[in-house]
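Knowing the structure of chain A, use the given hints to seat chain B on it.
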Amino acid sequence: MRDVCVIGTGMIPFGKYPDKTLAEIGWPAVKEAIVESGVPHNEIDAVYCGSALGGMLSGQRVMKALGLTGMPIINVENACSSSSSALAQAWTAVASGQHDIVLVVGVEKLTKFGGGTLPLEKEDWEVNQGMVMPALYAMRAQRYMYEYGLTARQLGEVSVKAHDHGALNPNAQIRKRVTIDEVMASRPVADPFTLWHCCPTGDGAAALVIASGDIARKHKSDPVRIAASEVTSGLYTNGYRDMTWAELTARGAKGAYDMAGIGPDDVDVAEIHDAFTIAELMYYEAFGFCERGHAYDLLSSGATSLGGDICVNPSGGLLSRGHPVGATGAAQAVEIVRQLEGRAGAHQVKDATVGIAHATGGGIAGLDHGVCSIHIFVR
Amino acid sequence: MTESGTLVANPDAANADERFVAPDLVARDPAGKPRLIGGRCRACAQLSFPRAAVCPGCFSEDIDAVYLAEEGTLYSYSVVHQAPKGWAVPYALGYVDLADEVRVLAHLDVPADKLAIAMTMRLGIGVVGADASGAPLLSYTFTSA
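Chains as they are written, first to last, in this note's numbering: chain A, 656 to 1034; chain B, 24 to 168.
Keep in mind the hints are simulated off the structure, nothing from the lab.
On a predicted model such as this, the values are computed, not experimentally measured, just so you know.
Where is the CB? At the ideal position from N, CA and C, for every residue including glycine.
Check before you lean on any hint, since a few could be wrong.
Pairs of lysine-lysine residues, derived as DSS-like cross-links and limited to a Cα-Cα distance of at most 27 Å, are as follows [as the list claims (entries may be wrong)]:
{"id": "1", "chain 1": "B", "residue 1": "K137", "chain 2": "B", "residue 2": "K56"}
{"id": "2", "chain 1": "A", "residue 1": "K777", "chain 2": "A", "residue 2": "K671"}
{"id": "3", "chain 1": "A", "residue 1": "K777", "chain 2": "A", "residue 2": "K686"}
{"id": "4", "chain 1": "B", "residue 1": "K137", "chain 2": "A", "residue 2": "K767"}
{"id": "5", "chain 1": "A", "residue 1": "K777", "chain 2": "B", "residue 2": "K108"}
{"id": "6", "chain 1": "A", "residue 1": "K671", "chain 2": "A", "residue 2": "K719"}
{"id": "7", "chain 1": "A", "residue 1": "K671", "chain 2": "B", "residue 2": "K108"}
{"id": "8", "chain 1": "A", "residue 1": "K777", "chain 2": "A", "residue 2": "K767"}
{"id": "9", "chain 1": "A", "residue 1": "K719", "chain 2": "A", "residue 2": "K767"}
Partial chain B-side listing against chain A, Cβ under 8 Å, derived [stated by the list, open to error]:
{"id": "10", "residue": "P79"}
{"id": "11", "residue": "V102"}
{"id": "12", "residue": "H104"}
{"id": "13", "residue": "A129"}
{"id": "14", "residue": "I140"}
Bound-form chain A, shown alone:
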């Protein structure tokens, strides 16, 4: 396998763009990534587009706006991991030698659904019985609170941290700090979650140009390398399951660490899938940033805040930057690359050289989650 590096990044500020088409949301991110890469347009060998709910031919709709067509354009649907799965496919294509320069784009327009919880697949028997994503995570939270004595107020501090970070990020959907009292007093969604425990719905797009190491180094002196690219799916059971342990993410993390030849102590910055407050805490444990049951201690120590040893979600994460489902994985990757290149601006993590992007999700009965995709970046 060949080295694979990132040579261009682009993203639009996440938010609500009900009057724009999916293509209008997507092309500015693609244009920015290509211009930043310096790659001539006709040298892009393939496009992988991640979108969960964008509909047929999302990638072609975006690319034709820029007049870039003719190459293979592959559309990838994998719920919350759509564009991170697209990145994994792109990585494989470059690492294997099939392609030299590949564009990855994640694009989503959730405002077309008019708000509310994410529309899920009604063929799923749990969805048919009233399951919604906040309820699934809320049940994890309730059980975690039961087993480890975490309080709802402690859980709410995840949201306070996320918004402290997001307030510094011009690409964040919610650029507003919240206090723990505001978190607790906002309207209930699914107990113990109030509104501020939940990521907002919205629209967004992000893109990356990746290339083989030798080509990348012709365009950049010290490009960020993708040291691990991992996609896994949840394990099916209709029996009992420990909902306080993110088995899927833990399995993916081990695979990614092994591939990169690093461990949790080496990580400087991570963008992890905090769709709801409990998720961030559970993933601290799954990534080995702390022992099981000790995630709140890690949060309250400040270690995962800007200035801490292992900054988690400096962008504001899903809770603050936003979560236009299929665009999230690419946005996380863009964030980590810019962090490692030292150009993240007001929310820069100092001297970061190793970063993780983690997108997991997809509510599906019998599985922890549908999918988990993890990338490790090194500079």
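Below, chain B without anything else, positioned relative to chain A:
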């Protein structure tokens, strides 16, 4: 009383007269008690809920419809305040661990302040929402035992 694991005589005609969210998941047994209908593989005895068409343990397609346990333990729950149209919000959802080691997502017919993890639950039938015409929709529910 009908033992859990007992074969369901005619699972396809179980709920002809009532409006159920998922009529294939619940039926009344010969004694008139609500029961969840699961599947049991004839080849390897693995239980499924909902009743599987193909056994995820051994690929057999010979899956009997069987009654599942009527009681279980509440693994976790949440009171849902925001949901798609049709559901009567707020409603309590929970995972109930049945004695036969199947975990079932269910509406919980228990006041919010009485819900507690590890409480013993018993199967029932209740109204959980309404269809497009406003007619009540039924489903299996769990109440405190």
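Cross-check of the supplied hints:
1. K137/B x K56/B: holds (24 Å)
2. K777/A x K671/A: holds (26 Å)
3. K777/A x K686/A: With a Cα-Cα distance of about 36 Å, the restraint between K777/A and K686/A is violated, given a limit of 27 Å.
4. K137/B x K767/A: With a Cα-Cα distance of about 39 Å, the restraint between K137/B and K767/A is violated, given a limit of 27 Å.
5. K777/A x K108/B: holds (13 Å)
6. K671/A x K719/A: OK: K671/A and K719/A at ~23 Å, within 27 Å.
7. K671/A x K108/B: Roughly 22 Å between the alpha carbons, so the hint for K671/A and K108/B holds.
8. K777/A x K767/A: holds (18 Å)
9. K719/A x K767/A: Distance of about 21 Å is within 27 Å: holds.
10. P79: holds (6 Å)
11. V102: Constraint on V102/B satisfied, holds at 4 Å.
12. H104: holds (4 Å)
13. A129: holds (7 Å)
14. I140: At 5 Å from the nearest chain A Cβ, I140/B passes the 8 Å test, so the hint holds.
Figure legend: structure checked against the earlier numbered hints; hints not met, in rising order: 3, 4.
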